[in-house]
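Enquirer: Note that the sequence shown covers residues 0 to 684 in numbering that gives the first Met the number 0.
Only true hints are included.
Straight line, CA to CA, 30 Å or less: simulated DSS-like cross-link-like pairs of lysine-lysine:
| id | residue 1 | residue 2 |
| --- | --- | --- |
| 1 | LYS240 | LYS118 |
| 2 | LYS145 | LYS111 |
| 3 | LYS401 | LYS417 |
| 4 | LYS219 | LYS240 |
| 5 | LYS349 | LYS119 |
| 6 | LYS612 | LYS467 |
| 7 | LYS237 | LYS118 |
| 8 | LYS30 | LYS69 |
| 9 | LYS444 | LYS37 |
| 10 | LYS111 | LYS139 |
| 11 | LYS68 | LYS180 |
| 12 | LYS69 | LYS175 |
| 13 | LYS324 | LYS68 |
| 14 | LYS139 | LYS118 |
| 15 | LYS180 | LYS139 |
| 16 | LYS423 | LYS349 |
| 17 | LYS410 | LYS467 |
| 18 | LYS240 | LYS68 |
| 19 | LYS582 | LYS679 |
| 20 | LYS334 | LYS410 |
| 21 | LYS595 | LYS118 |
| 22 | LYS477 | LYS522 |
| 23 | LYS237 | LYS175 |
| 24 | LYS334 | LYS423 |
| 25 | LYS486 | LYS582 |
| 26 | LYS444 | LYS118 |
| 27 | LYS69 | LYS178 |
| 28 | LYS237 | LYS69 |
| 29 | LYS410 | LYS462 |
| 30 | LYS119 | LYS240 |
| 31 | LYS401 | LYS537 |
| 32 | LYS276 | LYS324 |
| 33 | LYS537 | LYS548 |
| 34 | LYS367 | LYS423 |
| 35 | LYS180 | LYS30 |
| 36 | LYS111 | LYS417 |
| 37 | LYS70 | LYS349 |
| 38 | LYS380 | LYS324 |
| 39 | LYS367 | LYS349 |
Hints are computed from structural coordinates only; laboratory data are not their basis.
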Amino acid sequence: MQSADLRNIILLGHGGVGKTSIAEAMLFNSKAIGRLGKIMDGNTTLDYDPEEIKRQYSINLAMAPVDWKKKTINLLDAPGALNFIGEALEGEAVADAAIIVLAGGIAVGAEKAWEMAEKKSMPRAFFFNKMNDETADFAKLYAEVKEQFGASCVPVQVPIVENRQFVGYVDTLHMKAYKFKAGGEVDAIAIPGSVQGLVDEIHMAISEAVAETDDELMMKFFEGEEFTEDEIIAGFTKAVKACTAAPILVGAASDNLGIRELADFVVEYMPSPVETKEADAFDADGNPIKVALHPEEQPVLFVFKTVVEASGRMSYFKVITGTVKNGDILHNVEKNCDERVGQLYVLRGKTQIPVPQLAAGDIGAIAKLSNTSTGDTLSGKGASIVMPAIEFPEAQFSQSIKCLKKGDDDKLAQSLSKIRDEDKIITFTNNIETGELVINAMGEKHLDVVVTKIKNRYGVEVKLATPKVAYRETIRKKVTEEYTHKKQSGGSGQYGKVVIEFEPGENDELEFGERVVGGAVPKQYFPSVEKGLQESVKKGVLAGYPMVKLKATLIDGKYHPVDSKEVAFVTAASMAYRNALPKASPVLLEPIYSVKVNVPDKYMGDVIGDLNKRRGRVLGMNPTGGGRQEVEAEVPAAEMFTYATDLTSIAQARASYTSEFVRYEEVPSNVAQAIIDAAKAEEEE
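Work out the full structure, taking the sequences as your base and the hints as a guide.
Expert: Structure (structure tokens):
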């Protein structure tokens, strides 16, 4: 397929609005599939993963080429659930235009989709789906879209409704009306009087959008002259590609109504890769450059997604420039290694369709690349080009993860590594202090899918729990403690006496010093005293957490010329620590995080109230524009484990936050006692 004949389109929107059904209908209309699958029946082409079939919503980004009117539409079907935003970002990285799907109202998924398109300056259109629903209200939804996203949102279709049934549409570009027949075909009819006023109003809005694309057309518009149909089509096409118009189309994917028209619109009005701007990239030295699409250049491939299957890895890529062929040797600049291109494929859901080559702008897949992962660039000889990495959000929902079966730890580590290859948002860390393996995801749904994959793919059953907090202990007053270690059991004995002054220190690490006078303790035993203390500070006296900000000074002691040994002074120092610190007003410390919450104004009160309930201190609020504020607060780590989920509920998924460790701080006494009691109970178990 020639680059000019391609359309790379991503379907975006909230979960449940019908994106996958739209793709299914397009595939059916193009005769790529022989039957129209249904989400409820679990037989759609793009929701083929067992988890998607079971849950009845998309989890993974899926691809399918649709051949339509001698063009190829590369459809990228993105999940709508924000837990799987990483999949949508992967698709957005290689799409040239977006279809934002709405059904009934503007949900947060549509808002996020618009933000993604705006950030990338990506041409976009709306598709009002489920117009066959009796509750569908085109005028209301159009008004909401225009208010939320601006006057650039212009309907190119207006639904015709008879007896509360969606029976056809008016094409406001060509000013023609059509009524649906069986199978989604249409017959031309006169524009119904019931919508004539709205259609005229919309046609005027289209004329305004067209006028803004050309100075001569603007003059003609102001002089009150009518545009010709050719002028309207050419001008509106220009406006769509320049992102100054966001067309609105209507349909009902479940009944295959309006889907042919949507495919027609994509082919006629959306840009091909040839019409997109040069891509930002870097050379081998990290200098910014521009890459133009040209089929004759050395091939450059950007890997935007990786799937790890039982048969091996599958790398999804877009050809940025050049033409890639089976057998090509490409260089991975980031990994500094060569990769051989085996068989090239285009993907229709899980179906792999072999192809001999793919031209600039096309999207495909390669199996079994050894070292290449998501975000890598593969370049032909001498190209040495690196495409910008996909910017994934930081995972905020954390749980400890543990194997249910002993001996599965290695299998768990291997499975997490493979899942990390597929999903760059997932991270996992070994917390040395708490001894836990902690896994981080976007939310509960995201983590639930990961746990299911671990079980079904790799045969490892795990349990999740709230992670332990890495508390600390310290003291608030100065005490002096004397301890003598004496052991005699026949033959050589053990003897060592220490007098140690304990006080609050400045550093997290133990500060050890000595002020011994007259050789009461020989210098050779100073390291032994320090060793005993270093071993002791690993466990505090309240709840067994590490002791920090402690200064210990050896001020006196006694030794025996025969029985004194290093082990005696190690033990004496350890016992002095154990006896002294309960008298030194010990306290528990907890990690405090700086939290910044970006939230719409209308949810400010609820967000601040929730932060206060979490023992947070709100430090300030800063306007960020667009009716949003950034709330700055400091919150104990122990109160943040469920925050990602709770914030989603509080602000209807319209808020986001970042957090960063800042310091340790004393735990309030009422909270501290519960932590101490829990630690003691766990130790007893």
